[in-house]
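Peer 1: Residues per chain are reported as follows:
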Amino acid sequence: MAGCKPQAVPVAAGKKIKVSIDPITRIEGHLKVEVEIKDGVVVDARIHGGMYRGFEQILIGRDPRDATQITQRICGVCPTAHATASALALDDAFKIKLTKNGRIARNLILGANFLQSHILHFYHLAALDYVNGPDVAPFVPRYAKNDVRVPKDINDVAVGQYLEALEIRKILHEMVALLGGKMPHVQGIVVGGTTEIPTREALNAYAERFKKVKKFIMEKYVPIVYLLAGPYGDLLKTGGGYQNCVAWGVFPMDDAGNTLLKRGVFTDGKDYPVDTALIKEYVKYSYFEDSTTGLNPTQGRTLPNPYKKEAYSFIKAPRYNEKPHQAGPLARMWVTNPELSKIGQEKLGVKRMRDIGDAAFSILGRHVARAEETAMVANAVEQWLAEAVPGKETYVPAPIPDSGEGLGLTEAPRGALLHYIDIKDKKIANYQITSATIWNANPMDDMGQRGPMEQALIGVPVPDPANPVNVGRLIRSFDP
Amino acid sequence: MKENEMLLNGQQKKTGVSRRTFLKTVTGTAAGIGISQMFNPALILALEKALETHPVLWVQGQGCSGCSVSLLNNVDPSIADILLKVISLQYHPTVMAAEGETALENLYRVAEKYKGKFSLVVEGAIPMAANGKYCNFGELNHKEITMVDIVKDLGAKAGSVLAVGTCAAYGGIPAASGSQTGATGVMNFFQTYGIKTPVVNIPGCPSHPDWIVGSIVHLLTKGLPELDNDGRPTIFFGENIHDNCPHVKEYDAGVMSEKLSDAKGCRMDLGCKGPDTYADCYKRKWNSGMNWCVDNAVCIGCVEPGFPDASSPFYEPA
Numbered sequence: 224m225a226g227c228k229p230q231a232v233p234v235a236a237g238k239k240i241k242v243s244i245d246p247i248t249r250i251e252g253h254l255k256v257e258v259e260i261k262d263g264v265v266v267d268a269r270i271h272g273g274m275y276r277g278f279e280q281i282l283i284g285r286d287p288r289d290a291t292q293i294t295q296r297i298c299g300v301c302p303t304a305h306a307t308a309s310a311l312a313l314d315d316a317f318k319i320k321l322t323k324n325g326r327i328a329r330n331l332i333l334g335a336n337f338l339q340s341h342i343l344h345f346y347h348l349a350a351l352d353y354v355n356g357p358d359v360a361p362f363v364p365r366y367a368k369n370d371v372r373v374p375k376d377i378n379d380v381a382v383g384q385y386l387e388a389l390e391i392r393k394i395l396h397e398m399v400a401l402l403g404g405k406m407p408h409v410q411g412i413v414v415g416g417t418t419e420i421p422t423r424e425a426l427n428a429y430a431e432r433f434k435k436v437k438k439f440i441m442e443k444y445v446p447i448v449y450l451l452a453g454p455y456g457d458l459l460k461t462g463g464g465y466q467n468c469v470a471w472g473v474f475p476m477d478d479a480g481n482t483l484l485k486r487g488v489f490t491d492g493k494d495y496p497v498d499t500a501l502i503k504e505y506v507k508y509s510y511f512e513d514s515t516t517g518l519n520p521t522q523g524r525t526l527p528n529p530y531k532k533e534a535y536s537f538i539k540a541p542r543y544n545e546k547p548h549q550a551g552p553l554a555r556m557w558v559t560n561p562e563l564s565k566i567g568q569e570k571l572g573v574k575r576m577r578d579i580g581d582a583a584f585s586i587l588g589r590h591v592a593r594a595e596e597t598a599m600v601a602n603a604v605e606q607w608l609a610e611a612v613p614g615k616e617t618y619v620p621a622p623i624p625d626s627g628e629g630l631g632l633t634e635a636p637r638g639a640l641l642h643y644i645d646i647k648d649k650k651i652a653n654y655q656i657t658s659a660t661i662w663n664a665n666p667m668d669d670m671g672q673r674g675p676m677e678q679a680l681i682g683v684p685v686p687d688p689a690n691p692v693n694v695g696r697l698i699r700s701f702d703p
Numbered sequence: 002m003k004e005n006e007m008l009l010n011g012q013q014k015k016t017g018v019s020r021r022t023f024l025k026t027v028t029g030t031a032a033g034i035g036i037s038q039m040f041n042p043a044l045i046l047a048l049e050k051a052l053e054t055h056p057v058l059w060v061q062g063q064g065c066s067g068c069s070v071s072l073l074n075n076v077d078p079s080i081a082d083i084l085l086k087v088i089s090l091q092y093h094p095t096v097m098a099a100e101g102e103t104a105l106e107n108l109y110r111v112a113e114k115y116k117g118k119f120s121l122v123v124e125g126a127i128p129m130a131a132n133g134k135y136c137n138f139g140e141l142n143h144k145e146i147t148m149v150d151i152v153k154d155l156g157a158k159a160g161s162v163l164a165v166g167t168c169a170a171y172g173g174i175p176a177a178s179g180s181q182t183g184a185t186g187v188m189n190f191f192q193t194y195g196i197k198t199p200v201v202n203i204p205g206c207p208s209h210p211d212w213i214v215g216s217i218v219h220l221l222t223k224g225l226p227e228l229d230n231d232g233r234p235t236i237f238f239g240e241n242i243h244d245n246c247p248h249v250k251e252y253d254a255g256v257m258s259e260k261l262s263d264a265k266g267c268r269m270d271l272g273c274k275g276p277d278t279y280a281d282c283y284k285r286k287w288n289s290g291m292n293w294c295v296d297n298a299v300c301i302g303c304v305e306p307g308f309p310d311a312s313s314p315f316y317e318p319a
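Order-wise, the sequence lines are chains A and B.
Just so you know, we're using this note's numbering here: the first sequence kicks off at 224 and counts up by one.
Just so you know, we're using this note's numbering here: the second sequence kicks off at 2 and counts up by one.
No wet-lab data here; the hints were simulated from the structure.
It is possible that some hints are incorrect.
What the hints assert, rightly or not - Some chain B residues flagged as far from chain A (calculated, every beta-carbon gap over 10 Å):
#1 GLN61
#2 GLY67
#3 ALA126
#4 MET129
#5 LYS134
#6 GLY160
#7 ASN189
#8 THR193
#9 ILE196
#10 ASP277
#11 SER289
What the hints assert, rightly or not - Distance condition first, Cα-Cα at most 25 Å in a straight line; then the derived SDA-like pairs of lysine to any residue:
#12 LYS546/A <-> ASN519/A
#13 LYS650/A <-> LYS265/B
#14 LYS265/B <-> PRO613/A
#15 LYS238/A <-> LEU141/B
#16 LYS158/B <-> LEU225/B
#17 LYS318/A <-> GLN181/B
#18 LYS153/B <-> TYR530/A
#19 LYS649/A <-> LYS261/A
#20 LYS531/A <-> SER258/B
#21 LYS615/A <-> LYS144/B
#22 LYS615/A <-> MET257/B
#23 LYS116/B <-> PRO56/B
#24 LYS261/A <-> LEU141/B
#25 LYS647/A <-> TYR109/B
#26 LYS144/B <-> TYR385/A
#27 LYS368/A <-> ASN142/B
#28 LYS261/A <-> LYS144/B
#29 LYS649/A <-> SER258/B
#30 LYS531/A <-> ASN142/B
#31 LYS368/A <-> TYR109/B
#32 LYS437/A <-> SER289/B
Unchecked claim - Incomplete in silico selection of chain A near chain B, CB under 10 Å:
#33 GLU251
#34 ILE281
#35 ARG285
#36 ASP289
#37 GLU387
#38 HIS396
#39 ALA400
#40 GLY415
Please read these numbers as outputs of a predicted model, since none were measured by experiment.
The C-beta atom is built at its ideal place from N, Cα and C for all residues, glycine as well.
Looking at chain A on its own, in the form it has when it is part of the complex (with noise of 0.2 Å):
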């Protein structure tokens, strides 16, 4: 599909036009859409991942531990979560067995900046698909028709929101430095733990930032994201695309390894245990060599080929039992299915996450689903700050094995994230990185099935193509 520039109003009925949005803004990294509208609704769509660096072949033949650091580079907005699956991955293959105070540590670490990206992602990523900035640049230009409903009272208090949320996302970065000794990318989280034994004045310095913090979320985040659901209601009715959620699982609340947010697969209506045998990752439209589809991240090659005919994405396309599965806050929620926030019972008149039903899998479902997310990891940090131990371990030393492969399997705040190292030789032989917007952005796979996100594409309404308003919302209600 050659990408289109956006046609002028009015469209004839049964007539079928391309849009594409390249680049696709307000999210990290590169992406381009198109779609094909027919009467008003998406009946087509294509997810371009438009850059590639190379981070598994570039990881091959260094010291094992320094994969820690540099795949935490992948994401600017989450290295917290690749850090800590690659640290799995290593603690996994140099048999290591975490302390109980590196254990919560890690979740301060980690839980401080999964706040900080939902943060982020609601107000500075997503929110002027809903409220209009100032008029000046970076707020304008936007589009001429850009279907904003609220009232101006609310669009100011959403503004102002958006200012203080700069302040909160900051404040939840210094938390994180507290321990992981700085932000982006911390050095804190390693092998065998983390590298900073919390003292009383660290931990009193990140309970007193926290603070400000949970006010925030639970009188200004979670309460605004409900108030959108009324003039925009029609967006709990759009954008579910395949029902199938996959989510590994994130933390540790106990030595045994159960998690806060549980770990487990929704495919065609049931539950089921996760068996990470049962994913593959195919390369049909990818820029990827085809001798390298359908191989499992243990098994899996990376050979970029940038000029692959039927390919349109660097994104491979992966699948959990030959199906594709969303990932993400509606992921975990739905597969944890926990009860509400007090506001979030009231609005909805429901108790728990999945009694939300199908208008969950919407495109405003998967804010509601990030907000009470967020809610119910600043209850867990109380809980976290209350078991650290000041002046009390958090490392385990462990030599470099001499051979031995290790699995992380954890979630970014944007999803299910999985890392996979084999060392040979003390050195890394091959790695591995299944990440969520892999599991969300993929094109279609080798047995024609749409990606998650194209899926959800299909069917929401855009009835003016000048401004596909939609589009972009839909988009970024995954966070990619």
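Following the hints, complete the assembly by docking chain B onto the known chain A.
Peer 2: Then chain B, alone, in the frame of chain A:
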């Protein structure tokens, strides 16, 4: 509406700081970052003028947005004031409202209108292999534009270029051993295409927000800062980390850390690359002065042209 009232009551009143008052604050801040000699009433006028005449266009190549996120951590002036009052940020993929052609048309319009004047900020490396196909930038008039195209075009038209982060400055991780994309930094790219626009490297993985804001303010008001042999402002990258490290006294006394969680001791035996690294992290620290890499673990030399290969393995002595 009850909800509206609740939200409005919770809303902090925006303080009505005038532009002039704010700019006075900037002078204080900038003084704090070690470039005090450049700040005087003339600077305030210069900044006000620059806002109108020197827009900033921020483009991203093979990066992780980590330098953009780091910029958001700026303390004083706050990022909100920077966006609304200090710089006219006409293009930034992560924060701007526009997308698709609306965004690209504005980018080219501003670049033409302020030709020779605007500052181009490059974040991320530029992949030169495969005709630039490893990094798509956008689409205009049915034509795909790559990162190579955009840096070639806007780089030549800009008044100055800031290469923010080690990727944009020297290639960084995308250019590390094993890379197949021909990733490179701005200066090298300009040399290849004979582009003469002056470049300031502000490396770091990520770059520190003070380094970014301080360099932009210097450029807008005083012109190019003094640069070292690697194209970095000497005001930020002129000092050796190890020589100035709070742990150097322990090093002199032979007190060495033995494991990563030791609070005491010099970290050189654990692989700290402070001795080969030039930056002022030791005094500036990170995230509002909360911490820094060496107190937490080790320095991995992220501001150096050879990063990451020259400092890898990170946890073995050099």
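Peer 1: With reference to the structure, classify each hint as holding or not holding.
Peer 2: Each hint tested on the structure:
1. GLN61: 8 Å, violated
2. GLY67: Non-interface label on GLY67/B violated, nearest chain A Cβ at 3 Å vs cutoff 10 Å.
3. ALA126: 8 Å, violated
4. MET129: With a cut-off of 10 Å, MET129/B remains clear of chain A, as the shortest Cβ separation is near 12 Å.
5. LYS134: 4 Å, violated
6. GLY160: 17 Å, holds
7. ASN189: Given that every Cβ of chain A is farther than 10 Å from that of ASN189/B, nearest at about 17 Å, it holds.
8. THR193: Holds: least Cβ distance 20 Å, greater than 10 Å.
9. ILE196: Per Cβ check, ILE196/B is outside 10 Å of chain A; nearest 23 Å; holds.
10. ASP277: Fine: 16 Å to the nearest Cβ keeps ASP277/B off the interface.
11. SER289: At roughly 5 Å from the nearest Cβ of chain A, SER289/B sits no farther out than 10 Å, so the non-interface label is violated.
12. LYS546/A <-> ASN519/A: 14 Å, holds
13. LYS650/A <-> LYS265/B: With Cα atoms ~30 Å apart, LYS650/A and LYS265/B exceed 25 Å; violated.
14. LYS265/B <-> PRO613/A: The hint holds at about 16 Å.
15. LYS238/A <-> LEU141/B: At roughly 24 Å apart (the allowed maximum being 25 Å), LEU141/B and LYS238/A satisfy the hint.
16. LYS158/B <-> LEU225/B: 17 Å, holds
17. LYS318/A <-> GLN181/B: 33 Å, violated
18. LYS153/B <-> TYR530/A: Between LYS153/B and TYR530/A the Cα gap is close to 22 Å, so the pair holds against 25 Å.
19. LYS649/A <-> LYS261/A: Violated. LYS649/A to LYS261/A sits at ~57 Å, over the 25 Å cutoff.
20. LYS531/A <-> SER258/B: At roughly 51 Å apart (the allowed maximum being 25 Å), SER258/B and LYS531/A break the hint.
21. LYS615/A <-> LYS144/B: Not satisfied, since the Cα-Cα distance of roughly 59 Å exceeds 25 Å.
22. LYS615/A <-> MET257/B: 21 Å, holds
23. LYS116/B <-> PRO56/B: 10 Å, holds
24. LYS261/A <-> LEU141/B: Roughly 23 Å between the alpha carbons, so the hint for LYS261/A and LEU141/B holds.
25. LYS647/A <-> TYR109/B: 50 Å, violated
26. LYS144/B <-> TYR385/A: Given pair LYS144/B, TYR385/A is violated - Cα atoms ~35 Å apart, limit 25 Å.
27. LYS368/A <-> ASN142/B: 21 Å, holds
28. LYS261/A <-> LYS144/B: Distance ~24 Å between LYS261/A and LYS144/B Cα, so the pair holds.
29. LYS649/A <-> SER258/B: 23 Å, holds
30. LYS531/A <-> ASN142/B: 24 Å, holds
31. LYS368/A <-> TYR109/B: Measuring from Cα to Cα gives roughly 22 Å; hence the hint holds.
32. LYS437/A <-> SER289/B: Distance ~20 Å between LYS437/A and SER289/B Cα, so the pair holds.
33. GLU251: 5 Å, holds
34. ILE281: ILE281/A check passes; min Cβ-Cβ to chain B is 4 Å, inside 10 Å.
35. ARG285: Holds - the Cβ of ARG285/A comes within 10 Å of chain B, reaching about 6 Å at its closest.
36. ASP289: Result: holds, 5 Å to nearest chain B Cβ.
37. GLU387: Constraint on GLU387/A satisfied, holds at 6 Å.
38. HIS396: 5 Å, holds
39. ALA400: Holds. Min distance 4 Å.
40. GLY415: Holds, because the Cβ-Cβ distance from GLY415/A to chain B comes to roughly 8 Å (cut-off 10 Å).
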